[in-house]
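Those sequence lines, one after another, are chains A and B.
Position 162, counted from 1, in the first sequence is what the UniProt record's numbering calls 162; the numbers after and before it change by one each time, with no gaps.
Position 113, counted from 1, in the second sequence is what the UniProt record's numbering calls 113; the numbers after and before it change by one each time, with no gaps.
It cannot be assumed that every hint is accurate.
[As the list claims (entries may be wrong)] Residues from chain B that keep clear of chain A, each with C-beta distances beyond 10 Å, as calculated:
1) Pro-56
2) Glu-92
3) Ala-101
4) Asp-133
5) Val-141
6) Pro-152
7) Gly-158
8) Gly-213
9) Ala-218
[Stated by the list, open to error] Here are the computed distance ranges between Cβ atoms for each label pair:
10) A:Thr-230 / B:Asp-150: 44 to 52 Å
11) B:Tyr-70 / A:Ala-64: 41 to 49 Å
12) A:Ala-200 / B:Asp-31: 18 to 26 Å
13) A:Ala-201 / B:Gly-136: 40 to 48 Å
Hints in this document: simulated from the structure, not taken from any laboratory.
Please read all numbers here as calculations on a predicted model, not as lab measurements.
Each residue gets a CB set at the ideal place from its N, CA and C atoms; glycine is no exception.
Protein chains: 2
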Amino acid sequence: MKTVAFVLYPGITALDLVGPLQVMSVLAAFDPSWNVVVAAETARPAPTDTPLGLVPSHTFDQLAGPAAPYAVIVPGGTEPTFAALADDRLLERIRTLAAGAQVIGSVCTGSLLLAAAGLLQGRRATTHWAVLDVLGRLGAVPVAERVVQDGPVVTAAGVSAGIDMALALAGRLAGEETARTVQLMIEYDPQPPYGPIDWAAVDRASLVPVMTGMLAAALADHPRLRERLTA
Amino acid sequence: MKTVAFVLYPGITALDLVGPLQVMSVLAAFDPSWNVVVAAETARPAPTDTPLGLVPSHTFDQLAGPAAPYAVIVPGGTEPTFAALADDRLLERIRTLAAGAQVIGSVCTGSLLLAAAGLLQGRRATTHWAVLDVLGRLGAVPVAERVVQDGPVVTAAGVSAGIDMALALAGRLAGEETARTVQLMIEYDPQPPYGPIDWAAVDRASLVPVMTGMLAAALADHPRLRERLTA
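Please construct the entire structure, taking both the sequences and the accompanying hints into account.
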């Protein structure tokens with residue numbers, strides 16, 4: 001039995017976690033060689049950027065030693081994730097989990113945490129479109145693609161991209177037929193009501209500062225890191 | 001301030017709730033005339049079909065009277081949702097919330113709960129592809145579309161369809177421009193790694209019995225309802 005562990009910390013974007021978690025949980029229902037867990041520092045409910053609180057299945061300590069996961073996936077978020085870039089305890093937890101894992105994944109700004117933990121040096125990776133530059137300042141090679149694979153690392157673009165990433169990962173881990181069955185069970189046949197994103201029409205000049213403003217505010221107590229990431 | 005209330009009950013499919021919840025939470029961040037809550041019978045964490053437990057922001061009692069929501073959205077699931085078709089207390093909660101709402105929504109098998117609550121009589125509605133027939137047996141007019149609108153009722157197909165439904169609803173509630181901004185912030189520009197679902201190739205004969213078997217098992221103590229829905 002191999003374990004896929006999702007990392008939970010306070011303030012995440014709920015869909016960053018739940019999109020790929022749903023994919024992997026359905027995978028585990030069809031292929032019992034996989035086990036899925038959600039791990040956090042404590043067993044207490046963690047707030048999210050929605051009204052929902054999330055309760056993990058495990059603490060990080062419970063995943064040590066022989067229970068070390070095969071794959072670890074880190075979700076992102078806005079201010080709380082940016083603040084976590086200076087959270088040495090969380091970064092050390094991520095490094096420890098990643099050291100024993102064959103697959104290291106992230107969704108959205110979760111890749112900034114992987115980079116801050118030193119796991120993306122020189123690696124191609126992606127993140128939410130509005131902070132691709134920040135990913136570069138943390139030592140990764142930013143790539144504007146929906147899912148980016150580089151060695152053991154697989155990173156997804158913003159929020160909903162975690163579903164695409166997880167289905168691709170399901171195919172790698174359990175084969176394309178199983179991945180297609182998972183896709184069918186979660187009826188992932190997207191029809192965005194306003195069509196795909198029209199990137200040429202995106203008003204980056206007004207939206208990117210929203211994210212970088214959040215980043216600067218979240219790192220107010222860490223001026224050197226703040227300057228490095230927002231200068 | 002208008003409230004969008006998501007209904008939480010034990011055993012739901014996590015993504016049914018969190019997909020549209022994320023959309024509506026980002027909407028509320030951009031348009032402060034909207035408020036989003038997650039309501040359940042008790043404040044205790046509810047298990048899901050993933051390793052994650054979910055903690056609501058409100059109890060149903062807290063949404064009574066002047067706090068009654070403008071929109072109510074009911075997520076689905078597998079066995080626990082099917083068992084809930086015989087849960088008169090939950091159905092009464094749904095009826096009460098719906099009675100004061102302008103929008104009544106569901107994701108996946110959540111529409112079976114709306115139908116069991118008597119809210120879909122003669123209305124066009126959808127659900128997870130594998131239980132469309134069951135929806136018809138509950139008095140709705142089943143439609144194999146991703147999102148179906150009929151009067152105040154908007155229903156989504158299986159699991160991930162809740163994201164498409166919520167973006168369409170965001171457009172109705174706050175205008176297309178805001179809905180497009182929400183889509184951009186959650187980077188909903190889907191690229192399923194194996195492409196869209198190839199419905200002509202779906203092996204319904206082997207997968208539909210999985211769902212109807214779950215339904216029959218979940219209603220073992222309610223033989224008349226079980227017979228009505230699975231005969």
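Problem - Hints the structure fails to honour - result: The structure conflicts with hints 1, 7, although it agrees with all the remaining ones.
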